[in-house]
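**Q** In case you want the letters, here they are:
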Amino acid sequence: MAEAENIVVATAERIFADLADPQTINHDKDGRWTAPLWRALSEAGLTLAWVGEEFGGAGTDLADGFEIINAAGRFAIAVPLAETLLAGWLLQQGGIASPDGAMTIAPAHPRDRITLDTDGTLSGRARGVPFARTAQHVAVLAEGGDGVSIALVETARLRIDAGLNLANDPSDTVTFDKIMPLACRPAPAGFDATTLMLMGGVARGLQIAGALDRLLAISVNYAGERVAFEKPIGKFQAVQHNLARLAGESAAASAAATSAADAIARAAAFDEAVFLEAAAAKIRCAEAAEKGAAIAHQVHGAIGFTTEHILHRFSLRALAWRDDFGSESHWAVELGKRVAARGADELWPLVASR
Amino acid sequence: MSALRFDPIRLPRECEELRKEVRAFLADEIAAGTFNPYQPKREDADAREFAARVGARGWIGMTWPKQYGGHERSFLERYVVTEEMRVANAPVRRFFVADRQSGPILLRYAPEHIKMDILPRICRGELCFAIGMSEPNSGSDLFAAKTRATKTEGGWLINGSKIWTTSAHMADYMIAIFRTSPSTKENRRHGLTQFLVNMKTPGIKVNPIGQITGQKEFNEVVFTDAFVPDDHQLGEIDGAWKQATSELAYERSGPERFLETYYVLTELVRAVGPNPDTRSAEGIGRLVAQLHTMRRMSVSVAGMLQAGKEPVVEASIVKDVGTIWEQQLPHRVRDLAAFVEENAGNRETLENQLTFAMQTAPKLTIQGGTTEVLRGIIARGLGLR
Ligand SMILES: Cc1cc2nc3c(=O)[nH]c(=O)nc-3n(C[C@H](O)[C@H](O)[C@H](O)COP(=O)(O)OP(=O)(O)OC[C@H]3O[C@@H](n4cnc5c(N)ncnc54)[C@H](O)[C@@H]3O)c2cc1C
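Top to bottom, those sequences are chains A and B.
Going by our numbering, the residue at position 346 of the first sequence is 346; the numbering climbs one at a time, nothing skipped.
All you need for our numbering is the position in the second sequence, starting with 1, plus 354.
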């Protein structure tokens with residue numbers, strides 16, 4: 001996804017370039033940049049891209065929405081765009097119209113559960129909910145007597161304990177204490193917590209791939225400018241080889257994440273093949289984030305360790321995104337169990353089916 | 355710098371039809387005892403009849419023009435055949451080099467009558483090719499090659515030696531680079547020419563070299579006034595370096611670049627059984643995620659080749675990441691196998707495979723261009739050199 005080829009993605013890229021320049025953001029201590037950025041994204045219909053036109057959204061197809069998320073990763077923007085897209089998508093699954101403004105999703109971790117009581121209220125706790133305290137609404141996946149439901153809740157009604165992720169972005173604990181949702185509908189057949197985690201995991205994979213793409217570009221650029229021993233450090237073979245490895249990790253993340261996004265966009269349901277694609281993407285992107293961020297910092301030396309430099313905006317977010325919607329450890333166990341249950345001779349057919 | 359792009363190419367439906375045919379064919383071969391998929395360690399599988407049967411199916415020279423015996427099918431179809439053969443551990447050594455590398459070079463640089471003579475025979479699985487690049491003092495640094503081709507009446511006389519030449523002992527032909535003039539100050543890549551060498555030519559001696567796996571797959575090849583006729587010169591005199599580098603994408607990104615030790619993963623899954631503990635499940639899950647990602651990258655490059663691009667950097671990345679992965683795989687499987695039940699039915703097979711795969715592993719990041727050389731190519735692609 002090097003250059004945007006369609007109008008929706010081109011619009012997103014242009015807005016990011018104009019209003020989310022990493023250098024400007026990095027120097028804006030008051031966070032004043034978020035309001036104009038959000039306004040522009042929202043006016044362009046990008047925040048509700050995955051919400052159908054009948055519900056006041058832009059009705060953008062899944063593939064384009066994924067590209068918007070990938071582009072957001074390239075700018076490592078810290079506004080709940082991916083979260084609002086996902087929330088809109090989730091609400092759409094339940095036939096619930098999306099409100100305006102920023103949204104987030106709960107649960108955001110595979111082990112957290114929100115339950116729907118017989119009186120129609122929601123209970124439970126969700127940790128690490130991204131941007132809960134800045135969002136106006138939460139799209140909730142709840143489990144109750146009759147199965148899985150999708151609900152819309154105002155954040156004002158919830159207890160929110162502020163937390164921060166590795167990149168210092170809001171990652172809050174949200175407690176539902178017999179909260180009556182604004183709307184609540186049964187989820188479609190087959191839709192469950194795993195579906196939501198896979199979808200969220202792919203979004204995070206695309207963001208990580210975007211950030212790695214940028215980490216590579218920033219690092220190659222820096223290696224061409226920084227002079228040591230009378231030549232640019234990029235002329236040293238050891239540095240070149242590190243950057244070649246970073247390119248490999250960036251390529252792996254991009255291949256895995258875009259393939260998973262493509263699989264979801266084309267599939268009729270979240271079947272075995274989508275599970276393989278999405279789980280593998282989250283695992284491999286997380287691994288790439290770890291290796292890639294380390295190399296990018298190594299190439300930058302001390303300057304990259306400062307708050308002044310933009311590097312951390314990308315490296316720390318790539319690392320932080322590993323934790324949302326199931327870590328690589330979580331998905332590796334789940335994928336490993338499925339592979340084992342299918343049996344040895346079914347492994348290659350599964351991998352080669354894509 | 356433009357971003358690296360690995361689009362999510364999908365194999366079209368005709369590929370999946372073809373895959374079924376290849377699997378059925380391989381199942382028949384296994385049933386007939388041609389090879390044992392669980393026994394990757396084979397002494398030098400020559401497998402002539404197997405090559406002929408694969409050729410008869412139309413699975414050699416798949417993408418080449420029909421006039422030369424080819425089948426004008428897509429790179430993606432060829433991709434499917436290659437990966438099914440590799441995963442099954444089929445004995446492809448006799449024809450694989452010709453199919454992947456030598457044939458495409460001949461198609462591009464050989465005179466018409468040579469193409470008409472040789473290419474159809476490759477397609478029928480009759481010919482085995484070797485690649486004569488490395489010399490005792492010229493491996494990574496190809497341009498240090500010294501083995502000489504001296505002009506003589508009607509052709510060239512070859513003197514010197516090649517080394518590490520895979521399959522030279524059973525090859526019908528070698529495509530080799532020889533020094534036809536000294537390199538120049540301005541261009542040290544100058545002065546090498548590519549030739550087609552008939553291995554039956556007098557003056558060629560092949561000496562086997564043992565490998566740490568116990569196999570004897572590569573050789574030293576010594577040339578003493580071996581005659582190569584004029585029409586066996588391939589491409590430009592003194593310009594082989596341009597030719598050698600343009601074919602690299604084909605050599606470097608295929609499924610054979612990450613599947614060489616794949617069998618240990620299958621065997622590990624078999625050994626842990628349907629209800630693995632958390633540790634085994636996590637380990638297998640990660641390896642499968644990595645494998646799947648490797649394959650997506652590789653298929654993506656096949657898609658670029660099919661689209662007529664020359665993805666040299668992307669292909670080098672696939673080989674770098676892929677060979678490191680296949681090299682680590684047996685060691686990771688060994689870690690996980692440490693806790694496999696003593697009574698796992700396939701324990702012996704797994705252990706034998708692990709031993710062989712770990713003996714094989716060191717070569718994977720050397721053959722076809724070392725990790726360091728690949729990273730140099732990637733760095734150039736990134737604009738660093
Ligand atoms: C199993 C196997 C099969 C082979 N089959 C064939 C064949 O059929 N035909 C053929 O022609 N060759 C073949 N080769 C040879 C292979 O192509 C060479 O081994 C390879 O190119 C490396 O050359 P070398 O062994 O001379 O190592 P060297 O070039 O001596 O390299 C030794 C080490 O130094 C590193 N190094 C060298 N130069 C640099 C540099 N500039 N910067 C950083 N590091 C550097 C290398 O990466 C390597 O790690 C085969 C090799 C193997 C292992």
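Be aware that a few hints might be false.
[To be verified] Simulated crosslink set (DSBU-like; lysine-lysine; CA at most 35 Å straight-line):
#, chain 1, residue 1, chain 2, residue 2
1, B, Lys-500, B, Lys-559
2, B, Lys-717, A, Lys-337
3, A, Lys-235, B, Lys-559
Hints were generated in silico from the structure; no laboratory data involved.
**Q** With reference to the structure, classify each hint as holding or not holding.
**A** Okay, the hints, checked on the actual structure:
1. Lys-500/B / Lys-559/B: With Cα atoms ~18 Å apart, Lys-500/B and Lys-559/B stay inside 35 Å; holds.
2. Lys-717/B / Lys-337/A: holds, 32 Å
3. Lys-235/A / Lys-559/B: violated, 43 Å
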